[in-house]
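In order, the protein sequence lines correspond to chains A and B. Residue numbers 1 to 366, in this note's numbering, belong to the letters of the first sequence in order. Residue numbers 1001 to 1195, in this note's numbering, belong to the letters of the second sequence in order.
No false leads were mixed into what you were given.
Pulled a few chain A residues facing chain B out of the computed Cβ check, cut under 10 Å:
(1) L304
(2) V323
(3) V327
(4) P332
(5) V333
(6) E339
(7) T357
(8) T360
(9) F361
(10) S364
Hint data in this document are derived by calculation from the structure and do not stem from the laboratory. Please read these numbers as outputs of a predicted model, since none were measured by experiment. Beta carbons are placed, not taken as given, at the ideal position from N, Cα and C, and that holds for glycine.
Listed below are the residues making up each chain.
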Amino acid sequence: MSELGIIEPEIFLFDGTFSLESGKSLDGFELIYETYGKLSDKKDNAVLICHALSGNHHAAGLSNENDKRPGWWNELIGPGKAFDTEKYFVVSLNNLGGCHGSTGPSSINPLTNEKFGKEFPLVTVKDWINSQNLLRSHLGIDRWLAVAGGSLGGMQAFQWAIDYPDLVEKSVVIAAAPKLSAQNIAFNEVARQAIVNDPDFEKGTHHPKRGLGLARMLGHITYLSEEVMKEKFDRDLKKEKIEYGYDVEFEVESYLRYQADNFSDKFDAHTYLLMTKALDYFDPAKYFDGNLISSLEQTKSNFLIISFSSDWRFSPKRSKEIVNSLVAAKKPVSYVNIESFQGHDGFLFPDNRYVNTIKTFLSSDV
Amino acid sequence: MYKIVNKWIPENSHILDLGCGDGSMLFELKKELNINGLGVDISENNIQLSLSKGLNVIEQDIDQGLSNFGDQSFDLVLMSQSIQALKRPDLALSEIIRIGKECIVSIPNFANFKCRLQLFLTGKMPVSSALPHSWYSTPNLHLCSLKDFESLCENSNIKISEKKLIKASGESTFLSNFFPNLFAEIAVYKLEKKS
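Next up, chain A with everything else stripped away, as it sits in the complex (with noise of 0.2 Å):
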């Protein structure tokens, strides 16, 4: 069920060269987005939301008339929610690359009539913010009165607070980290390797559906906490006693395993191994001699960072270095750490807390 009912999604269509990050350009792209609530007459409500890893533009409301799953924000995302639709107007798009309809690996180069596949460019945080604000431009939006998300959509948001200072009120940076640790990088590594080592991805005719499913189980278990893991499966078993065998026996090692079939039926390989190579190059202070502090010189928003007391993929602590950065900057931010034990994944889930937090941050005159 959603308060939104049935959204259709819309296509935004670039028809010039957009340079990105790396020295490579693109020939045009097309971008997939939805919006719910209406922009004011003042154009001056709108939210942006930026997706995670394996995120899509569905952020909120059902696909169609038999669809039993809303988006994956609609927790937060409505009437009322945190991000309140009868005062907002929120944008929310599928990334450059991705999978669920804006130009990717998966969709065909105009060139050689097939999918782009690994010709893909890999894209950027950077390259990400500049197509998000071309976006912003078509919907004749001149200043985003937030842009807000969680875990890589979080990095987004804080990327636009400094490529775009102008252009944003408010930044809302959830479960995000200022770059990622050598532990984040080495878990994005075995999925990558995980995909590239499935021989149906080396032949390039067959999707590598086994890669990407360890890829996804791999990542699953870092968006959870032990506690919350605990709670779910704990030790039970699937069946009445143990076997000695190699098949599923635990209920956590069926859940996992659903959930790699699951995903891997429809989340492109090529889409997993470029938004996680993303995630790796994500450092804003790149561009600052690698001091954050400096990065943040000429921002202008106003910043609420929130992470979540049992996350251990990007930890209170990575949340608290940009809170850190932010105060010596001289910047206005407020942070707070929502006690959870849901992992990672707490910025899904809509705890009383974290939506009023939010609520409360879009509402007040800063």
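Given chain A's structure and the hints, the job is docking chain B onto it.
Leaving out everything else, chain B in the frame of chain A:
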């Protein structure tokens, strides 16, 4: 309280309020003196109340240290009746002096005559409007008299540049000014590092 400190604070100051509570002090200062304020608090409720006033506030436990704030990085650090609730008021005081070019600290006076009388006559820990909690549930771990606080400042190389003595109601009386350690219920100090 606001009426006392606002005279000590220049307009447009960059202020850190440690233990900002519901944010009403920063809110008044922002409204009247256009200060640029940042609150720090540990209570969920206080953080929410401060945010709803349009203030910036950071969730942080002062007892876990303040090393994330740079030397002399704020024009002013405020600590309003919080220092006695910290685990180590002495360490907090030296951190406040490090972070702020100037500091304003207020404390409840445990040597106020009402406290002395209660302890003397009833043999029980004093409860008053300035110190409303019972001994078993009080957040005030380190209560002190004005003399105690002032000697801590002296020993920590901190200069008291201003001092205002008031009753819990906020008013200042003849007795609280002339016999502060006996009659003042709350003392407000402006502090800076001795040069």
